[in-house]
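Participant: Here is how the chains run, residue by residue.
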Amino acid sequence: MQDEGLASMRRPAGFGRTLVATLIGLVYFFPVIWMILAAFKTRVDALATPPKLFFTPTLEHFWASFHRLSADGSQIFDTGLDRNFFNSLFISLVSVGLALALGGLAAYGFSRLRLVGRDYFMFYVLVLRMVPPITAIVPLYFLFRVTGLGGGYVAIILVYTAFNLPFAIWMLKSFLDELHRPIEEAARLDGSSDLKILWRICLPQMRAGIAATAIIAFVFTWNDFLFSLLLTSVDTRTVPVAMTRVVGADVGVDWGVFAAIGTIYLLPVLFIAFLLQGQLLRGATFGTVPR
Amino acid sequence: MAVSSHTGGARESTRAARFTAPLVGAHAAPFVAPALGVLCVMNVLPLLWSIGVSFFHFRADRLNTPPHFLGFANYRDLMTDPDIWEHFLNTAVMIASSVSVQLVVGALLTFLFYRPFPGRRLVLMLVLTPMLLSTVVVGTFFSLFYDPTFGIVSALVRPFTGAPFAPLGTPFSAITSLIVADAWMWSPFVMLMLLAGLEGVPAYLFEAAQIDRASTWRRFWTVVFPAIRGVLLLALLFRTIESFNMFDLIYTITNGGPGTATESVSTEIYDTAFVLFETGRASALGNLSVFVVIVLTRLYFRAIQLRREAA
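Chain order of the listed sequences is S and V. Note that this note's numbering gives residue 138 to position 138 of the first sequence, counting from 1, and the numbers run on in steps of one. One gets this note's numbering by counting positions in the second sequence from 1 and adding 1000 to each.
Calculated directly from the structure, the hints in this document are not laboratory data. Be aware that one or more of the hints could be misleading.
Subject to a maximum C-alpha distance of 25 Å in a straight line, what follows is the list of computed SDA-like cross-link-like pairs (lysine to any residue) [claimed, not checked]: (1) K196/S to H1027/V; (2) K196/S to A1033/V; (3) K196/S to A1029/V.
Computed far set for chain V versus chain S, every beta-carbon distance over 10 Å [unchecked claim]: (4) T1065; (5) F1069; (6) W1085; (7) V1093; (8) A1107; (9) V1157; (10) A1163; (11) A1166; (12) F1172; (13) T1176; (14) F1220; (15) P1226; (16) R1229.
To spell it out: a stretch of chain V is covered by chain S in this simulated footprint if at least three of its residues, at any positions, have a beta carbon under 8 Å from a beta carbon of chain S; those stretches are [what the hints assert, rightly or not]: (17) 1041-1048; (18) 1122-1128; (19) 1190-1198; (20) 1239-1248; (21) 1278-1291.
Ideal Cβ placement from N, Cα and C applies to all residues, glycine included.
Based on the sequences and whatever the hints tell you, model everything.
Facilitator: Set out below in structure tokens:
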């Protein structure tokens, strides 16, 4: 590497900067800590003023997220939250997978093959990602009602696939653009098909890029609220929408339960983001900046 | 292109392949068709439908009533409705303030985090967590923080004023409260973009400046700033478009209140479409905002192309 970025020669931060950065980090994290603590507080502790920092932790909210006692306390009902979690995971994984597969093919086409008006396609693909989601939802809501697809998995998965596709195409194309071409040329001369070149030569070289694309698309889908609010039914509802039902409960907001659900819901993305922190960097710029 | 890891010759050849040069080989159609097909069915078709519907009086909750053709009446009503202009203005004020705050905070965070230090990975995670949270969680918790009786903001202010404080009570403080939540959530995203931009600063330039004993200030303006100007522009435009589309936070924190002070274009479309069920009018408003976004995206696209040409 003859032409490395600033990263390679960056001096380590001094003690002062390290201290300030750590303090700022903790301050920044405060609302999240608040949520995590609230998940372990009893109802009384949660609303105490001034706020309590020390308290006896309880797991009741985590239990209450998934179970509900009947009025006389003799029976235990399911809140259906496990179903919501399954929906969130299933819908996110399938739609991100589809977006990566279709987006990868399209990115290869845009990057390597003959196409008239490619810049226009790339531009309007980007426009589709930028258009306010609500403007797409109004017609989709109607179209799903008419076709009878509304509320099913197929509908919401296709919606998220389409939502993630522009991002996937842009990201994957930028990674493809950076690969060295001679190997591919050689393979082509040897008679390899484009599909084979993409699968056997390009993909193995872009594992990090695919991870970056996948994680950002996954976070977007996992946390989306609006599409799910208007285009899912009871059976396919995801956690962000289910959470708002807790807020709207008739006995007032049950902050403990809400915080417990929020905490559980955060953990998977937090874990993935920690593992793939470097990839987030690339993903933040739609792939227009190198690693 | 800001590719910095290639050697000179390879860099030339790959750059030629991008955007402008005609490509040899097979036609791209079979490769791009599946993706474009999905996009057509799920995005383009609905948009065309909403263009059509915007010329009718149509309610999605009364499918048995045939749509009634209005011509441009929906658009005319919108253009002459002072409330709509107020909402566009609200949106513009919120975008401008929120994006400025995000850029400033994002830049400060970048300044703190661009150098390695022990535990940086972990501390960076603390800062990145907000953007990993669901907007519903952020919105709901900020609405708790802003609660006049139980909220921490009120608790912090009370000792000074002696009275409970309702951050969501007046238009100005409600808008400020929304901006704080939005900026808290998305400043780290700006930081990520700037950190990524810094990776692209060629080390030899920085080295040369160091050998010349240029001051930190001068080094920033002559070496670092020109190199990250492009990514700064990207951050500005991307966050502007995303703020334009802001819905979840408004929905969960203020629900447009007090009055209609924090109503944005997205929430207005939502109300028109799913509370009033005036589907035709909502579509017309949606099309107007799509037009705004196309213009903004055009600028974004230009910014990307400029970056590629500059590198």
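Participant: Each of the hints needs a verdict: does it hold here or not?
Facilitator: Here is how each hint holds up against the structure:
The straight-line distance between the Cα atoms of K196/S and H1027/V is roughly 15 Å, inside the 25 Å bound, and the hint therefore holds. For the hint pairing K196/S with A1033/V, the CA-to-CA distance comes to about 18 Å; that is within 25 Å, so the pair holds. The straight-line distance between the Cα atoms of K196/S and A1029/V is roughly 17 Å, inside the 25 Å bound, and the hint therefore holds. T1065/V, annotated as away from the interface, keeps every beta carbon of chain S farther than 10 Å; the closest lies near 14 Å.
The Cβ of F1069/V lies farther than 10 Å from every Cβ of chain S, with a closest approach of about 17 Å, so its non-interface assignment holds. With 10 Å as the threshold on Cβ separation, the claim that W1085/V sits away from chain S holds: the shortest Cβ distance comes to roughly 18 Å. No Cβ of chain S approaches the Cβ of V1093/V within 10 Å, the least distance being about 18 Å, so the stated non-interface status holds. A1107/V, annotated as away from the interface, keeps every beta carbon of chain S farther than 10 Å; the closest lies near 13 Å.
Residue-level check passed: V1157/V sits 12 Å from the nearest beta carbon of chain S, beyond 10 Å. Remark: the non-interface label on A1163/V is consistent with the geometry, its nearest Cβ contact in chain S lying 14 Å away (cut-off 10 Å). With a least beta-carbon separation of about 15 Å from chain S, A1166/V lies farther than 10 Å from that chain, consistent with its non-interface assignment. Distance to chain S confirms F1172/V as a non-interface residue, since its nearest Cβ pair spans about 22 Å, more than 10 Å.
Every Cβ of chain S is farther than 10 Å from the Cβ of T1176/V; the closest lies at roughly 16 Å, confirming the non-interface assignment. Annotated as non-interface, F1220/V keeps its C-beta farther than 10 Å from every C-beta of chain S; the closest such distance is 12 Å. With a minimum CB-CB distance of about 13 Å to chain S, P1226/V clears the 10 Å threshold, and the non-interface call stands. Non-interface call for R1229/V relative to chain S: holds, since the shortest CB-CB distance, roughly 13 Å, exceeds 10 Å.
Counting residues of the segment 1041-1048 of chain V whose CB falls under 8 Å from any CB of chain S gives 7; the rule of at least 3 is met. Counting residues of the segment 1122-1128 of chain V whose beta-carbon sits less than 8 Å from any beta-carbon of chain S gives 6, enough to reach three: the coverage restraint holds. Using a Cβ-Cβ cut-off of 8 Å, 6 residues of the segment 1190-1198 of chain V lie near chain S, which meets the minimum of three, so the contact claim holds. Coverage of the segment 1239-1248 of chain V by chain S holds in this model, with 5 residues showing a Cβ closer than 8 Å to a Cβ of that chain against a need of three.
Coverage of the segment 1278-1291 of chain V by chain S holds. Counting CB-CB distances below 8 Å, 7 residues qualify, and the rule asks for three or more.
Comparing the model with each numbered hint stated earlier shows that all of them hold.
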